[in-house]
Amino acid sequence: MNAWTSLFASLIAVIALVLVALFGVGAIGLDTLFGVVIPYIAIAVFVVGIIYRILEWAKVPVPFRIPTTCGQGKSLPWIKADNLESPYNTWGVIGRMALEVFLFRSLFRNTKAELREGPNVTYGSAKWLWLGGIAFHYAFLTIVLRHIRFFVEPIPSFVELLSSVDGFFQLLVPTVFLTDIALLAAATFLFLRRVFLPQLRYISLAADFFPLLLILGIAISGVLMRNVWKVDLLMVKQLAVGLFTLHPTVPAGISSIFYVHLFLVCVLLVYFPFSKLMHAGGVFLSPTRNTANVNRMERYVNPWNYPVKVHSYAEYEDDFREKMKEAGIPVDKE
Amino acid sequence: MELHNLSKPQDLMNIDLNKTPETPWMDTPVNFRDGTYIYPAAGKNLKRLGLPNPREWSPTDEDWKLPDNWKEIIMKGLKERLDKYRSFRLFMDICVRCGACMDKCHFFIGSGDPKNMPVLRAELLRSVYRNDFTTLGKMLGRFAGARELTVDVLKEWFYYFFQCTECRRCSVFCPYGIDTAEVTMIGRELLNLVGLNINWVMEPVANCYRFGNHLGIPPHGVKDMWEFMVDDIENITGINVNLPINKKGAEILFVTPSGDYFADPGTYTCMGYLMLFHEIGLDYTWSTYASEGGNFGLFTSHEMIKRLNAKIYAEAKRLGVKWILGGECGHMWRVIHQYMETMNGPADFLEAPVSPITGTKFENAKQSKMVHIMEFTADLIKHGKLKLDPSRNRKVRATYHDSCNPARAAGLLEEPRYVIQNVCEDFFEMPENTIREQTFCCGGGAGLGNDENLEMRMRGAFPRANALRHVQDKHDVNRLLCMCAIDRATLTALTHYWAPDVSVGGIHELVANALVMDGEQERTEDLRGEPLNEEEEE
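Respectively, the protein sequence lines represent chains F and S.
Position 206 of the first sequence, counted from 1, bears residue number 206 in my numbering, the numbering being contiguous throughout.
Position 15 of the second sequence, counted from 1, bears residue number 15 in my numbering, the numbering being contiguous throughout.
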């Protein structure tokens with residue numbers, strides 16, 4: 001299957017999901033199914049799924065300490081060791097992981113190789129992927145945090161603050177959030193590079209297009225319901241608080257676009273634990289990043305280390321004793 | 001294949017990195033083209049090691065003479081490894097195919113073959129994993145990027161897992177630290193289960209197992225080689241250096257890759273060790289049993305690493321030394337630094353290493369008890385224990401190639417530079433995207449440095465060579481220094497093809513050239529037997 005097929009299959013899948021929600025709520029009135037039952041199932045699958053996946057990884061041992069060292073290791077006292085790129089203690093590992101998780105350190109290193117006449121190859125700076133990635137993730141995080149306002153009353157002050165900062169420029173009415181724009185722009189960028197960079201398109205699977213399109217669908221439906229078709233936010237909040245407090249109620253008359261948004265979010269939650277999106281949890285467990293470069297300094301035990309067949313010195317000497325003696329090499333047995 | 005059979009560099013590199021095949025990668029079969037694949041292991045080598053399915057076969061044959069239940073064996077092996085290596089399990093699951101690694105592999109840059117992009121190399125195995133071990137893969141098949149394991153897939157694995165040098169450059173750039181070396185290592189382990197391996201790895205492994213070194217040199221042969229070097233040293237310096245072999249009660253056991261005493265230019269580095277140890281009066285010994293620092297087990301399986309590496313601690317124990325010193329080598333230091341102590345330790349019969357000359361405690365090696373020669377020599381120089389005359393290397397305009405493993409598996413970056421700058425006056429770094437943790441492989445590591453694979457080697461060598469040519473043009477660099485025995489062999493072909501007039505050598509060769517020895521005659525020649533000064537050449 002080529003990348004175009006994967007792309008169209010993913011697009012059709014997302015469109016189909018939108019239609020399912022529209023049809024389910026709009027045409028046959030399954031508000032309770034889409035407003036209560038599916039969200040509960042989705043959250044359950046999400047939480048249980050993620051815990052399950054992480055436990056699955058966690059129970060697999062790490063037999064060796066295999067950090068990828070990206071800086072000077074600790075050796076002689078007068079040589080400055082780089083604790084963040086080649087950690088020699090727990091603080092170094094924590095620092096390295098923090099840089100990786102919060103700032104996408106490794107991605108920031110990215111370069112682009114270009115072949116020229118000669119032959120010659122050059123490595124240009126290529127920070128767009130890093131920028132797109134970081135904008136995408138932080139915008140997503142902010143948007144998720146902003147949504148807390150729908151689930152609790154009173155609204156926590158940090159959420160209010162976040163929202164006012166995010167809507168600082170007060171563009172249009174209701175205010176367009178900067179993170180909405182950032183998320184849409186970043187996801188679109190990530191999607192377009194996947195479509196238009198030939199090498200990247202070649203390696204792309206439906207599993208790469210689908211989540212991006214799904215998230216774009218979520219973001220677009222969210223912006224539409226807030227800024228264009230303006231759903232009744234009080235009713236949405238009533239539904240959300242009901243879900244959150246385990247007293248679900250389904251107010252009548254919430255516009256279908258809200259259910260499209262909610263349904264796509266539910267699909268994302270269900271899809272998450274079974275997909276590459278689990279990189280969010282996996283990054284913390286990666287042995288090339290979260291182990292210290294202290295292999296010769298501190299003992300490390302492999303829980304399944306087992307004895308192996310070796311060729312002992314005695315066997316070796318048996319093979320060559322006479323020759324060794326002739327050559328004047330000392331032997332154990334005369 | 002030989003270098004003169006290859007097309008000219010311009011023609012070889014007439015490729016387009018942005019061009020992808022017409023067919024999707026899952027439907028593009030592997031093509032075993034001469035010069036780009038490696039000959040399989042001879043049956044006798046597998047027999048000697050007790051490995052499965054010894055036979056004579058060729059990758060170009062239709063029938064690879066696999067055992068009837070090959071698929072069951074591979075699947076069982078895969079399951080076992082998914083349960084034993086978190087790295088592998090995780091790296092099968094979390095790749096998002098962001099593309100950061102795509103153009104980081106020297107084989108991709110040199111060949112334009114998308115299956116040499118680290119991400120796709122791993123997908124060759126991931127696709128099978130998804131098919132049999134993941135929910136979505138089982139449900140959605142190809143839509144989830146899953147495919148069944150077939151003989152054709154196995155052939156693809158063989159071709160591409162022996163077209164990866166396990167250099168870990170991609171892992172530097174991966175936002176999750178996914179390390180293709182881990183994937184390749186496990187991929188090769190699986191191939192080994194059904195007897196798919198290459199002779200250029202298995203012969204050294206079989207030799208090392210029995211003879212103690214990759215080249216299969218018996219003890220008296222090893223001694224001859226060392227004695228030959230002692231004679232050469234005497235001719236050059238007038239000093240008869242001391243050559244302790246299998247000496248019980250020595251303070252230090254010295255282990256270095258056998259490439260260092262087998263062929264030029266490694267031999268010059270080996271002469272350098274002999275001269276250095278003699279001059280500082282080190283109480284040490286060579287060993288004919290542990291006469292190999294390298295470990296081609298690393299290119300075979302984790303079990304084989306352990307089987308071969310066991311000799312070093314065993315010999316240290318038998319000889320009753322206090323600690324171990326290791327020579328200039330690349331992949332050897334991946335093993336010594338990241339695996340040895342866990343696999344073969346604890347070496348509690350040894351003492352934490354202390355330099356007998358300077359009194360420095362090597363804190364970073366206090367558990368494994370094995371010190372890198374570059375740490376040892378840098379410490380000697382720092383303490384002013386060596387009398388050095390760098391002008392004796394005045395003909396050398398040097399640059400330094402970081403070997404993959406000391407750089408990306410140990411972080412040994414400054415020690416060699418410190419030593420080089422103290423023994424050589426003209427030292428120039430290659431561009432920053434090609435050194436230190438971003439260093440490019442020589443193109444021939446991990447068992448790939450053989451003649452039949454020459455075209456692919458030269459393709460893989462291109463990024464390194466390109467950086468070398470840059471400093472050659474800009475600074476008249478004429479010596480590519482490295483501290484790796486595989487490099488010393490493979491870079492020689494690299495410079496021949498890509499950057500003629502640049503020679504290759506180890507660092508201790510230059511140390512010994514510069515080393516003013518007590519009672520030496522006036523030096524007129526360097527270790528290569530070439531005149532020290534230009535004038536004397538005329």
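Source of the hints: derived by calculation from the structure; they are not laboratory data.
Incorrect hints may appear among the rest.
Label-pair restraints from in silico Cβ distances [as the list claims (entries may be wrong)]:
1) S:G281 with F:G328: 15 to 25 Å
2) S:I15 with F:V152: 55 to 65 Å
3) F:W4 with S:K138: 53 to 63 Å
4) S:I15 with F:A27: 27 to 37 Å
5) S:F428 with F:A126: 47 to 57 Å
6) S:E22 with F:A126: 20 to 30 Å
7) S:E148 with F:T5: 15 to 25 Å
Listed below are the simulated DSS-like cross-link pairs for lysine-lysine, each with C-alpha atoms no more than 27 Å apart in a straight line [claimed, not checked]:
8) S:K84 with F:K59
9) S:K47 with F:K309
10) F:K309 with S:K317
11) S:K84 with F:K323
12) S:K247 with F:K323
13) S:K387 with F:K309
14) S:K44 with F:K80
15) F:K309 with S:K361
16) S:K247 with F:K80
All values reported here derive from a predicted model rather than from experimental measurement.
Glycine included, every Cβ here is placed at the ideal spot set by N, Cα and C.
Here is how each hint holds up against the structure:
Here the CB-CB span from G281 (chain S) to G328 (chain F) is close to 23 Å, well matched to the stated 15 to 25 Å. The given range of 55 to 65 Å is respected by I15 (chain S) and V152 (chain F), whose C-beta atoms sit roughly 58 Å from each other. Checked against the given bound of 53 to 63 Å, the beta carbons of W4 (chain F) and K138 (chain S), roughly 25 Å apart, lie outside it. Take I15 (chain S) and A27 (chain F): their Cβ atoms lie about 55 Å apart, and the range 27 to 37 Å is violated.
At about 26 Å, the beta-carbon gap between F428 (chain S) and A126 (chain F) misses the expected band of 47 to 57 Å. The hint said 20 to 30 Å for the Cβ distance between E22 (chain S) and A126 (chain F), and at roughly 27 Å that hint holds. Distance hint check for E148 (chain S) and T5 (chain F): the Cβ-Cβ separation is about 19 Å, which falls inside the suggested range of 15 to 25 Å. For the proposed pair K84 (chain S) and K59 (chain F), the alpha carbon gap of about 9 Å is at most 27 Å, so the pair holds.
Taking the CA atoms of K47 (chain S) and K309 (chain F), the gap is near 14 Å; set against the 27 Å cutoff, the hint holds. Under the criterion of a C-alpha separation no larger than 27 Å, the hint pairing K309 (chain F) with K317 (chain S) is consistent with the structure, at around 18 Å. In summary, the hint linking K84 (chain S) to K323 (chain F) is not supported, as the alpha carbons are separated by about 43 Å, beyond the 27 Å threshold. Straight-line distance between C-alpha atoms of K247 (chain S) and K323 (chain F) comes to about 17 Å, which keeps the hinted pair within the 27 Å bound.
Simply put, K387 (chain S) and K309 (chain F) have alpha-carbon atoms about 46 Å apart, too far for the 27 Å limit, and the pair is violated. Annotation: proposed proximity of K44 (chain S) to K80 (chain F) is violated, straight-line Cα distance about 49 Å (limit 27 Å). At roughly 34 Å between alpha-carbon atoms, K309 (chain F) and K361 (chain S) are farther apart than 27 Å, so this suggested pair is violated. Our distance criterion of 27 Å between C-alpha atoms is broken by K247 (chain S) and K80 (chain F), whose separation comes to about 37 Å.
In the structure shown, a violation is registered for the earlier hints numbered 3, 4, 5, 11, 13, 14, 15, 16, in ascending order.
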